[in-house]
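Chain by chain, the residues:
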Amino acid sequence: AAEGLEETPTQEPSTETQQKYENLFVTKENAVTRIVLNRPHKKNALTREMYEEIIAALNEAANDNSAVTIITGAGDFFCSGNDLGNFMSISPDKMQEIAVESGDLLRRYVSAYIDFPKPLVAAVNGPAIGVAVTVLGLFDVVFAAEHATFSTPFSNLGQSPEGCSTYTFPKIMGHSKACEMMLFNRKLNAKEAHDCGLVTRVLHSDTFEANVLATVNEMASLPVKSLVYSKALMRGPELEILHKVNVDECNRLVERWTSEDCINAVMKFFSAKEN
Amino acid sequence: AAEGLEETPTQEPSTETQQKYENLFVTKENAVTRIVLNRPHKKNALTREMYEEIIAALNEAANDNSAVTIITGAGDFFCSGNDLGNFMSISPDKMQEIAVESGDLLRRYVSAYIDFPKPLVAAVNGPAIGVAVTVLGLFDVVFAAEHATFSTPFSNLGQSPEGCSTYTFPKIMGHSKACEMMLFNRKLNAKEAHDCGLVTRVLHSDTFEANVLATVNEMASLPVKSLVYSKALMRGPELEILHKVNVDECNRLVERWTSEDCINAVMKFFSAKEN
Amino acid sequence: AAEGLEETPTQEPSTETQQKYENLFVTKENAVTRIVLNRPHKKNALTREMYEEIIAALNEAANDNSAVTIITGAGDFFCSGNDLGNFMSISPDKMQEIAVESGDLLRRYVSAYIDFPKPLVAAVNGPAIGVAVTVLGLFDVVFAAEHATFSTPFSNLGQSPEGCSTYTFPKIMGHSKACEMMLFNRKLNAKEAHDCGLVTRVLHSDTFEANVLATVNEMASLPVKSLVYSKALMRGPELEILHKVNVDECNRLVERWTSEDCINAVMKFFSAKEN
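Protein chains in written order, with the working numbering: chain A, 30 to 304; chain B, 30 to 304; chain C, 30 to 304.
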C-alpha cells in the first residue's frame, strides 16, 4: 500500500486511509493523525526519503482538520535515529556537497517540528536514539513505555547535537544534566527521562499503545482553537530563537560530518558491524 | 469591618488593622503583610471587585515598610479562580465591550504581581484553580498544604492560560509537563506540584498556617534591601518579556471569552450546576 | 614549588607538573587538567590572590591541549567561598575604592568561567559555600560527594548573589526553589542539590575521588572538537546575557559591600568568632 505523493491511488483504500508513504503508516481517526515510523527491520532508522516523508506528513497534518498528531514507531524500536547508511557509498569528491544537502534536509526536518501548530505527541514505544531523542524537546507531550531508552551518542561518533536540543534540553533539565546527554553520551531509561522532564509520563509497556490512544483521543476532543492558541502562546516567543538554533546546529553538523572525527567513527562503526 | 479605599474609617479598628477591603482581610505584623482572600462561601472565587482590591493591596504592600507579603485563602480553598459569574448577565451586545474591559483588568492584575518588588509568598492552603494557579509562577516562594491541588481547566472551558504561565511554567517544569497543565487540564496534587518545581515546599495540613507564619516571620527579619535587590537581579532581566507575555495572553483571552467554544462551555457549566 | 607564569623553571619537576601557584595544585594528565583548591587549613576560602590564580589556571587550561578541566578542593571542604578576611583591615576611607576593585576582580573571575571553552567539571568533595556554589551553574558537569552541602547565606550577610546564579539557578531549578537559596539562605544537601538539577550526580563519599577521575578520564578520551563545539552550541546563545548578568551582580555587590547591612553582618561574624 505505497504510493508516491503525486500518483493516483491505484490500490484499494485501506480501512482507514490510503497510504501515500513508503516508510510511514499514517492514519486519521477521531481528529487524531497517527504517524507510524514503519521500517521496523531497520529499527526505524531515518533515511533521506523518510525525512522527506515525515516533513510531508507533518505538513499535511498541520493543514487538515485533525486536532492532535501522534508519532510512534512500528516494532520494537521507536526510532534508531539517522541511518548511518546515509554516510556510506559517498565518493570523497561528493562528500562536501552531500553534507551540505544533508544539513539542509535536517534543517527542514527540524523546522517541520518547530512550526507544527497543533499539539504534537510522541509515543516512545521502545529505544530512541540520536535525532529521535533530540526532537522530543519540540513535542508537546512525550509518553514513554517503561522499557524505552534515550541515547544521544553524538561525541562518540564525532558529531554534535541537533533538533534544537542544545536549546530545549538545558531549558527542560538544566545545563549540567543536558551536558551528560549532549556531550557525554549518557543513556537514560524511561524513569530518568521522566524525572528530568524530557518525558511527560511513563506507561506500562504491555498496555502502552492502548493507553496512549485513549489519552490522545480524549485530548483531541477538546476545543481545537484553545489548544492551538495556547500552544502558540507558549511557543510563539521562542520560535525565532528555535529557528536560529536549528540553523547553527545544522551548520555545525555539516562541518562535523566531513571531519576526520566523524569519518573515523563511522568507519569504525561499520567495520565493527562486519566483524 | 469594611470600608472603601477612600472613605474615612468609621468603625473601631480591629486588633490588627482596619479593614479597607470587602473581600480581603489584610494585616501587617512583624514586617509581614498578610493578604487573606476572604470570600470562603464562594471558595474565594475572584470577582471583578476582588481583582481591584488585590491590585490595591499589593500596591500598598509594595510601598509600605513591610519586608515580605504573603497571600493565602480563608476557609477550605486557596482560590477557585475567576468567578464564572463574571460571565453571567451580560447582554449579548455588551459582550465584546465587557470582554475588552475584563482583559484590561486581568492585565493590570497580573502586572501587579510582575512588578511587586519585595518577596511574595503564596500559602496554598487548599485547592487552587485557574488564574490562582497560573500566577504562582510569579511568586517567589510557594508553600502548599499536603491536601492542596492545582488545576488549570482552560481548554475544557474553551479558554487559554494567563498569569504569564505560558512563559513561567515551561521555564519551571519544562515544556511538556507545562503542556499537560496548560493544554490538557491535568490537575496536580501538592507532591506533584513540588516535584515539578511549581511549589517550593509541601507542609503538613494541620500545622500549615503556623509553620508558614513562623517561616515568613523569619524571612522578614532579613535585611530587606538584600531581599529586594536580589529579587531585582533575578527578575529584572525578564520583566520586559513578562509584560509582553501578559499582554499577549490577555488579548487572546478577550478573543476566547467571546468565542463559541467558551460561551458553550460556560453555559454547559451553569446548566450542569442547576441540575 | 611556585613559579611565575613567565619564569624559567629552576626546580626539579614534580612527578606530575611543576607548581606555579601558591594556593592551587594543578596537574595535567591524560588530557585532563585538574585544579585543586589547596588552602585546606582555611577551608579553601578564596583570597584575592586565589581568585587571580584560578583565573590564570583556567586561562591556561583553555589554551593548552587538555580536553577536560576539573576543579576540586583539598581536605574536607570543597570551598568555603569568599574569605571574609578580605573585608578586614580596610581603613574606612579606602572602603569604596577597595569595593570597586573587588567587584572588578569578581567580574573577571566569573568571566573566566563563562568563557571557558572546554568541558568544565566540578568535583564537590565537601561543603561548598557562597561563590563556590553560585558558579556551579556555569560548570558543565557537577559531581558531589554524598556528604557535600551547598549554602548561599547572602542575605544573612547583607549581600546579594553572584556567579550568574540569578540567571542560571532559576533556569536550572525554577524561580521559587532558586529564591529559597538566593534570598532565604536555604542550605541544600547533596541529594536535594541533585533533585533540583544543580548537581549532575551524587557519588559515594569514600570512593568519590577515584570514581570522578575515572569518569573524567573517559570524558577526556572523546573527540575534543565535538565536546568544544557542542558546548559552544549550548552556551553560545546565552553568553551575552551571562556577561550582562555578571556585571549587574558585581555592581550590586559593590553597593552591598559598603552598606550598613553588610558591614554590621561581617562585624557580627568576626565578633562571634572571637568569643
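Rather than coming from a laboratory, the hints here were simulated on the basis of the structure. Among the clues, some could well be false.
The list treats identical chains as one, so a pair stands whether inside a single copy or across any two.
Using 30 Å as the maximum straight-line C-alpha spacing, the simulated BS3-like pairs for lysine-lysine come out as follows [claimed, not checked]: (1) K57 / K302; (2) K200 / K297; (3) K216 / K57; (4) K49 / K200; (5) K216 / K49; (6) K200 / K216; (7) K273 / K302; (8) K49 / K302; (9) K220 / K71; (10) K200 / K57; (11) K49 / K71; (12) K123 / K72; (13) K200 / K273; (14) K297 / K49; (15) K57 / K123; (16) K123 / K216; (17) K123 / K200; (18) K297 / K273; (19) K302 / K123; (20) K49 / K220; (21) K254 / K123; (22) K302 / K200; (23) K220 / K200; (24) K200 / K254; (25) K123 / K220; (26) K200 / K71; (27) K57 / K273; (28) K273 / K254.
Cross-check of the supplied hints:
1. K57 / K302: neither (39 Å within a copy, 36 Å between copies)
2. K200 / K297: Neither: 34 Å inside a copy, 39 Å across copies.
3. K216 / K57: between (33 Å within a copy, 29 Å between copies)
4. K49 / K200: neither (37 Å within a copy, 39 Å between copies)
5. K216 / K49: Result: close neither inside a copy nor across copies, 35 Å intra and 39 Å inter.
6. K200 / K216: both (19 Å within a copy, 23 Å between copies)
7. K273 / K302: neither (36 Å within a copy, 50 Å between copies)
8. K49 / K302: neither (33 Å within a copy, 48 Å between copies)
9. K220 / K71: For K220 and K71, the Cα distance is within 30 Å only inside one copy (26 Å; across copies 41 Å).
10. K200 / K57: Neither. Shortest intra-copy (33 Å) and inter-copy (33 Å) distances fail the 30 Å Cα cut-off.
11. K49 / K71: For K49 and K71, the Cα distance is within 30 Å only inside one copy (20 Å; across copies 56 Å).
12. K123 / K72: within (28 Å within a copy, 59 Å between copies)
13. K200 / K273: both (16 Å within a copy, 19 Å between copies)
14. K297 / K49: This pair counts as neither: shortest intra-copy Cα distance 37 Å, inter-copy 41 Å.
15. K57 / K123: neither (40 Å within a copy, 41 Å between copies)
16. K123 / K216: neither (34 Å within a copy, 55 Å between copies)
17. K123 / K200: neither (38 Å within a copy, 43 Å between copies)
18. K297 / K273: neither (33 Å within a copy, 44 Å between copies)
19. K302 / K123: For K302 and K123, only the intra-copy Cα distance (25 Å) is at most 30 Å; the inter-copy one is 70 Å.
20. K49 / K220: neither (36 Å within a copy, 46 Å between copies)
21. K254 / K123: between (47 Å within a copy, 23 Å between copies)
22. K302 / K200: Intra 36 Å, inter 42 Å, cutoff 30 Å: neither.
23. K220 / K200: Intra 19 Å, inter 21 Å, cutoff 30 Å: intra and inter.
24. K200 / K254: both (27 Å within a copy, 24 Å between copies)
25. K123 / K220: neither (43 Å within a copy, 52 Å between copies)
26. K200 / K71: Neither: 32 Å inside a chain and 37 Å across chains, both beyond 30 Å.
27. K57 / K273: Classified as neither; 32 Å inside a copy, 37 Å across copies.
28. K273 / K254: Close inside one copy (28 Å) and across copies (21 Å); limit 30 Å.
In this structure, the hints that do not hold are numbers 1, 2, 4, 5, 7, 8, 10, 14, 15, 16, 17, 18, 20, 22, 25, 26, 27, in rising order.
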